[in-house]
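**Q** Now for the letters of each chain:
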Amino acid sequence: MRYEIRVEGQLSEALTEAFPELDHVVMSGHTVLFGQVVDEAHLYGLLARCQSLGLRVMEMRQLPE
Amino acid sequence: MSEPEESDAEQTAPGADPQGDPFLRTRFVVPARPVAFLRRERLVSHLDQALRTPLTMVNGPAGAGKTLLVADWAAARETSVAWLTTDAAGQKPGMFWAYLLQALHASGTPLPAGIGCPADAGRTPPTLLARLAAGLSALDRPVVVVLDEYDRVTDPEIAEQLEFVLHHAGDGLRLVLVTRTEPLLPLHRYRAAGDLTEIRGAELAFTCEEAAALLELHGLRLPEPAAQGLVERTRGWAAGLRLCALAARESPDPQTYLKEFEADRTSVADFLLAEVLRQQPAATQDLLLRVSVLERFRPELANALTGRTDAEPILAGLCRANAFVEHLELDWYRLHPLFGEILRAHLRVRSPGLETELHRRAARWLRGSGALTETLGHGAAAGDWQFTAGALVDDLAIGWLFTGLRADELGELFSRMSPEAAGPAAELVRAARELSRHEVGRGLGHLRRAEQALAAELGRTTTGSGPAAGLQELLPDASAPPAEWGPAGAQPALAEARLTCALLEALAARLTGAPGRAELAAAAAETLRGEVPAHLLDRHPELIALLLAHLGSARLWAGRFEDAHTALTGAAGAVPGASTALAREDSLGRLALIDYLNGRLAGAERTARAALTETERYGLPQPSGSGMGRLVLAAVAVERDDLDRAQALLEEAAQPHPALRDPVMEAGRAIATARLHLARGDLGAALATAERTVPAAVASPWAEGQTALVVSAAHLADGRPETAVKVLQGLPDAAPACTVASARAELAAGRPLAAIDLLDRLNPQDRCGPAVTVRALLVRAQAADASGDRSAARALVALALREARRDGLRRPFAEAGPWIRPFLGAPTTRGPGTDAHPRGVRPPEGPPPPVVEELTVRERDVLRRLALTMSTQEIAADLYLSVNTVKTHLKSAYRKLSVGRRNEAVRRARDLGLL
Chain A
1 MRYEIRVEGQ LSEALTEAFP ELDHVVMSGH TVLFGQVVDE AHLYGLLARC
51 QSLGLRVMEM RQLPE
Chain B
1 MSEPEESDAE QTAPGADPQG DPFLRTRFVV PARPVAFLRR ERLVSHLDQA
51 LRTPLTMVNG PAGAGKTLLV ADWAAARETS VAWLTTDAAG QKPGMFWAYL
101 LQALHASGTP LPAGIGCPAD AGRTPPTLLA RLAAGLSALD RPVVVVLDEY
151 DRVTDPEIAE QLEFVLHHAG DGLRLVLVTR TEPLLPLHRY RAAGDLTEIR
201 GAELAFTCEE AAALLELHGL RLPEPAAQGL VERTRGWAAG LRLCALAARE
251 SPDPQTYLKE FEADRTSVAD FLLAEVLRQQ PAATQDLLLR VSVLERFRPE
301 LANALTGRTD AEPILAGLCR ANAFVEHLEL DWYRLHPLFG EILRAHLRVR
351 SPGLETELHR RAARWLRGSG ALTETLGHGA AAGDWQFTAG ALVDDLAIGW
401 LFTGLRADEL GELFSRMSPE AAGPAAELVR AARELSRHEV GRGLGHLRRA
451 EQALAAELGR TTTGSGPAAG LQELLPDASA PPAEWGPAGA QPALAEARLT
501 CALLEALAAR LTGAPGRAEL AAAAAETLRG EVPAHLLDRH PELIALLLAH
551 LGSARLWAGR FEDAHTALTG AAGAVPGAST ALAREDSLGR LALIDYLNGR
601 LAGAERTARA ALTETERYGL PQPSGSGMGR LVLAAVAVER DDLDRAQALL
651 EEAAQPHPAL RDPVMEAGRA IATARLHLAR GDLGAALATA ERTVPAAVAS
701 PWAEGQTALV VSAAHLADGR PETAVKVLQG LPDAAPACTV ASARAELAAG
751 RPLAAIDLLD RLNPQDRCGP AVTVRALLVR AQAADASGDR SAARALVALA
801 LREARRDGLR RPFAEAGPWI RPFLGAPTTR GPGTDAHPRG VRPPEGPPPP
851 VVEELTVRER DVLRRLALTM STQEIAADLY LSVNTVKTHL KSAYRKLSVG
901 RRNEAVRRAR DLGLL
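As given, the protein sequences belong to chains A and B, one line each in that order. Everything in the first sequence is counted per my numbering, starting at 1 for the first residue and increasing by one. Everything in the second sequence is counted per my numbering, starting at 1 for the first residue and increasing by one.
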């Protein structure tokens with residue numbers, strides 16, 4: 001399954017490196033991380049990673065295959 | 001029944017966890033507040049309500065200031081608070097409770113003696129939680145327990161158990177959870193009952209005034225609109241404000257700087273951290289990035305990672321400046337969890353590949369300071385398996401792979417070991433892992449390779465074959481040059497690895513039923529024991545306990561009961577504690593088996609129950625731990641004609657610890673099962689079970705004897721006395737039980753003289769309990785009866801009954817045959833009319849007459865519920881009957897059981913095996 005996670009703020013290169021398995025695109029005032037998510041556990045893991053990096057999740061949704 | 005010892009390792013040695021590994025004391029310490037900490041009274045007074053509600057939850061994102069708020073509140077309290085910073089994610093219940101108990105001990109909370117402690121990371125003894133809750137509820141005033149970083153607890157079982165303890169501790173416990181995520185507790189229930197104090201993210205956010213006050217503590221004065229803008233940009237986020245203050249302070253014009261920050265669109269933490277980091281001197285930046293791979297650290301450890309010597313002043317400075325680093329206690333520090341995560345991300349970008357090297361350095365430093373668990377973690381993270389396996393072996397900690405709180409965790413850790421890792425230690429760890437899963441063949445393969453590697457390192461040539469192949473390598477070489485000895489001149493090379501090897505050899509010997517090899521391994525271990533540092537043996541009492549248990553079991557298989565008893569008693573008497581629990585329980589189970597085989601049921605039951613108590617107290621792998629205790633109890637239950645109970649016990653013992661599933665266990669299970677089939681009259685199943693061979697290197701005399709007993713009894717019951725006689729004749733070294741069975745078969749074959757002759761040859765000095773002597777008496781009685789001497793027969797049966805009473809032995813009377821019936825209903829001791837008892841079965845010990853009339857299905861239903869202490873009304877509701885109908889059933893059941901009261905009825909029904 002593919003997901004995209006929109007977090008508040010523009011992420012630095014270092015922080016996007018904390019999500020090596022996802023692609024990202026930096027937009028005005030927010031960053032979209034997107035890519036293949038292995039399973040539920042991975043999904044919750046990504047959320048926890050956002051939290052532990054102090055990121056504010058604005059939106060998370062599944063993408064059509 | 002023997003009571004478990006009252007003093008525990010974990011109580012007498014508060015510095016050590018049940019494993020003997022030094023507890024990470026920093027986890028029990030209330031974190032210190034930084035110099036520029038702002039106490040916010042509105043939150044403190046809200047938190048004071050925590051004293052009135054059982055549960056308090058402080059819930060907010062990383063860096064919201066949760067921990068410091070609670071720490072500040074806790075430090076201001078007069079009575080001490082039990083503080084526990086929970087461990088890394090994925091923690092198992094056993095480990096969690098072990099640490100929580102330790103936190104309570106550390107806070108000086110008086111808990112009942114003998115409360116116990118989990119011995120298996122994955123399991124918690126349910127009664128331990130009940131004991132804990134009861135102990136807490138008895139406290140004069142409630143203890144405040146703070147669980148920091150509770151979000152790391154993800155196991156729903158822990159939440160359930162916590163809820164149980166919280167509920168049953170009543171007013172004795174005030175639980176404060178500090179967490180980033182909503183815990184898995186039924187919060188709505190607590191909320192509805194007004195039992196929950198809740199401080200959430202919105203309340204934790206800094207107001208404008210608070211933000212201004214905080215910045216002032218950092219030496220920044222802001223006009224109100226500026227503070228307003230800052231709060232909006234950071235959403236009142238404590239960590240953001242803190243970083244902001246640090247960054248602004250360093251810039252030439254703080255006001256402008258803050259304005260720029262407000263306008264910036266970068267993610268707050270990211271921006272600020274990069275800013276603050278950039279402002280630090282290069283040495284500080286380097287240190288911060290490097291220590292980000294550590295959970296906690298001391299200046300020396302940080303130095304080991306940087307390769308410099310300046311960590312102490314840098315850390316003290318950072319701590320004073322309230323930047324990144326938090327002080328724990330003494331000279332321990334940690335990074336603020338939020339920043340640690342971001343710094344690790346920076347480290348990966350700036351120095352790819354350095355992380356592995358840092359883990360390697362950390363592992364080496366920690367090894368030197370004796371923190372084994374953390375050493376192993378970093379060694380594994382570095383992928384340095386030779387070192388990691390070596391650390392485990394050299395610490396004499398190989399037993400941890402089999403038993404204790406960390407068995408699962410370490411098993412998982414070493415399952416990642418790369419196949420390339422070579423050397424004796426890596427092979428020993430592989431061997432231990434295979435043996436712990438009962439993969440004996442593969443385990444032995446690794447063990448051989450370990451021995452060859454050891455021999456190579458010692459500069460010896462391996463011996464090719466023979467009974468002691470590989471084992472010589474373990475022994476110190478008398479002719480070896482002194483160069484083999486360590487620099488101190490006191491320690492031979494590789495003594496720890498060789499002792500580890502001896503332990504695994506003993507285990508393999510036990511699993512393959514090879515007593516000779518076990519003796520050789522034990523002898524080698526005995527020599528090596530004196531050559532390893534004593535403090536390592538003290539730290540790992542499980543090593544010797546396991547060794548003795550293996551040795552004792554191998555001897556038991558060989559039928560050398562006396563020698564087995566010596567070794568097993570040694571293991572059973574090991575230092576109490578979680579790490580030795582499995583070995584002690586296993587040994588007690590096997591001591592019970594010896595009692596059973598000697599025909600001493602009461603002793604067997606007592607010892608087996610002590611084994612079960614041990615299992616229960618330490619929450620060993622349920623349902624059975626090693627399972628031996630339950631097997632013996634099942635066999636005892638068969639002898640007491642309590643067949644349903646025997647069946648239930650056998651089912652419970654179906655999943656023994658794989659590393660303890662040896663021929664003794666297999667034979668014990670076969671015997672108990674076969675005897676149960678026999679008692680149920682299922683002769684075919686009994687024969688099939690008894691004759692299934694247990695694979696082992698050497699044959700076991702008692703296992704053969706017991707098999708022959710079952711087989712001959714089955715033939716006898718099926719009317720083939722000659723075959724029964726023949727089966728027993730083939731035995732090389734007949735135990736008294738077999739001689740008695742032979743006599744019975746001879747008698748059945750119509751040769752009473754031969755029978756009596758056999759019995760006369762029994763040595764009265766022999767180790768025989770009632771299970772043997774009673775059967776012998778009954779054979780004599782039957783012979784007397786057959787010869788027409790009824791009074792002699794009656795006297796002998798009476799003697800047998802007396803003898804059987806203490807052990808509650810019933811089976812011999814049940815299997816004796818129809819001739820015994822008239823003698824059991826002797827009018828001198830029994831009421832009239834009981835002679836008509838339909839079965840030959842009857843409790844020999846008590847005055848109550850046997851059940852003359854069978855209970856109906858309904859009556860049994862009612863009795864069963866009565867045994868669960870349900871009231872008449874509850875039983876009626878449960879069975880969809882009227883109360884009057886239940887009373888009628890009860891009355892009729894009382895009449896049939898010849899009792900007058902509830903508990904008498906339950907007891908009697910239990911005795912008769914009706915429940």
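Incorrect hints may appear among the rest.
Partial pick of chain B residues on the chain A-facing surface, computed with a CB cut under 8 Å [unchecked claim]: (1) A263; (2) R265; (3) E341; (4) I342; (5) A345; (6) L753; (7) I756.
Covered stretches of chain A (chain B as the covering partner; in silico rule of three or more C-beta atoms under 8 Å from a C-beta of chain B) [stated by the list, open to error]: (8) 1–14; (9) 31–42; (10) 51–63.
Away from chain A, derived, C-beta distances all over 10 Å, residues of chain B [as the list claims (entries may be wrong)]: (11) S80; (12) R191; (13) D195; (14) R200; (15) T266; (16) S267; (17) V268; (18) A269; (19) L338; (20) R350; (21) G353; (22) E457; (23) P658; (24) R907.
It is worth saying that the hints were derived from the structure and are not from the lab. All C-beta atoms in this analysis are idealised placements derived from N, C-alpha and C, irrespective of residue type, glycine included.
**Q** Give a verdict on every hint.
**A** Quick rundown of the hints versus the structure:
1. Violation of the interface hint for A263(B) is found here, the shortest Cβ-Cβ separation to chain A being roughly 11 Å, above the 8 Å cut-off.
2. About 5 Å separates the beta-carbon of R265(B) from the nearest beta-carbon of chain A, less than 8 Å, and the hint is met.
3. For E341(B), the shortest C-beta to C-beta distance to chain A is roughly 5 Å, which falls under 8 Å, so the interface hint holds.
4. A distance limit of 8 Å between C-beta atoms decides the matter here; for I342(B) the minimum to chain A is near 6 Å, and the interface restraint holds.
5. Here the hint on A345(B) is kept, as its CB sits about 4 Å from the closest CB of chain A, short of 8 Å.
6. Interface hint at L753(B): violated, since its Cβ lies 77 Å from the closest Cβ of chain A, which is beyond the 8 Å cut-off.
7. This hint is violated: I756(B) has a C-beta 74 Å from the nearest C-beta of chain A, more than the 8 Å allowed.
8. With 8 residues carrying a beta carbon less than 8 Å from a beta carbon of chain B, the region 1–14 of chain A meets the three-residue requirement, and the given coverage holds.
9. Counting residues of the region 31–42 of chain A whose C-beta lies closer than 8 Å to any C-beta of chain B gives 1; at least three are required, and the coverage claim is violated.
10. Look at the region 51–63 of chain A against chain B: 6 of its residues bring a Cβ nearer than 8 Å to a Cβ of that chain, three or more, so the hint holds.
11. Look at S80(B): its CB is around 30 Å from the nearest CB on chain A, clear of 10 Å, so calling it non-interface holds up.
12. Chain A leaves R191(B) outside its interface by the beta-carbon criterion, the shortest separation being 23 Å against a cut-off of 10 Å.
13. Against the 10 Å criterion, D195(B) stays outside the reach of chain A, whose nearest CB is about 27 Å from its own CB.
14. No beta-carbon of chain A comes within 10 Å of the beta-carbon of R200(B); the shortest separation is about 15 Å.
15. Not every C-beta of chain A lies more than 10 Å from that of T266(B), the closest at about 5 Å, which undercuts listing it as non-interface.
16. With a minimum CB-CB distance of about 3 Å to chain A, S267(B) fails to clear the 10 Å threshold, and the non-interface call is violated.
17. Not every beta carbon of chain A lies more than 10 Å from that of V268(B), the smallest distance being close to 6 Å; the non-interface claim is violated.
18. Once the 10 Å rule is applied to beta carbons, A269(B) is inconsistent with being away from chain A; the minimum gap is 3 Å.
19. Here L338(B) does not stay apart from chain A, with its beta-carbon only about 5 Å from theirs, under the 10 Å limit.
20. The Cβ of R350(B) does not lie farther than 10 Å from every Cβ of chain A; its closest approach is about 8 Å, which violates its non-interface assignment.
21. No beta-carbon of chain A is positioned within 10 Å of the beta-carbon of G353(B); the least distance is around 13 Å.
22. A cut-off of 10 Å between C-beta atoms confirms that E457(B) is not in contact with chain A; the least separation is 41 Å.
23. Once the 10 Å rule is applied to beta carbons, P658(B) is consistent with being away from chain A; the minimum gap is 28 Å.
24. The Cβ of R907(B) lies farther than 10 Å from every Cβ of chain A, with a closest approach of about 52 Å, so its non-interface assignment holds.
Checked against the numbered hints listed earlier, the structure breaks hints 1, 6, 7, 9, 15, 16, 17, 18, 19, 20; every other hint is satisfied.
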